[in-house]
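Start counting the sequence shown at 1; every next residue gets the next number (our numbering).
Hints in this document: simulated from the structure, not taken from any laboratory.
Here a beta-carbon is modelled for each residue, glycine too, at the ideal position from N, C-alpha and C.
Some clues are possibly wrong.
[What the hints assert, rightly or not] Computed beta-carbon distance windows for the label pairs:
| id | residue 1 | residue 2 | range |
| --- | --- | --- | --- |
| 1 | Ala166 | Ala105 | 19 to 25 Å |
| 2 | Asp145 | Gly115 | 37 to 43 Å |
| 3 | Asp145 | Ser48 | 36 to 42 Å |
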Amino acid sequence: MSVLSVGIAIAAGPVAAAEPDPDASAEQPVAAGPPVVTAPVADPDAASPAADACKQFAAALDYAATNYEDFAYATAGGGNTVNYADPSVEDSNVVGRTALRAAAATALNASMAPGVPPEVANPMKSWSLHATKLLFVMGLRGGGDSLNNSAQSMNDDANATQMACALAGAPAVSG
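Just need the whole structure built from these sequences, with the hints factored in.
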């Protein structure tokens, strides 16, 4: 049997058809389904200004936290007294200040990018200001209470920024 004859046999074969139920009413209304809603497809190459700013802020936050951590551990537990003559405090102070300077600049630049909404930009600017304050407190060899208060202000601003980014649909996640 050739391929041609198989094709003709299939084409000429019986066609199955369903018979309508004779008891069913011919005029039953068809229930309308829910309207079809299509979500716009986001262009992965066109990130929003808020998403870009939030990503930059997250990177700045990670950088500052990673490099400030050693200083925080070296100065913890002394109350308001900080032994700046201790080599581990001195070295981590320099590293922490350098990182805070870079992170504050990154966060401030991210907040001032065109198109970043004020509810996202404002807590970033505040975080940058408080990072700069902490940088000065460290440089001026401030006490533990002043360091802790400055760091707490930064933590509050970081939380506010992360919430603003999440509400804008642009979580502050680095990577």
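Exercise. Can you list which hints this structure breaks, lowest number first?
Worked result: When the structure is compared with the hints, none of them turns out to be violated.
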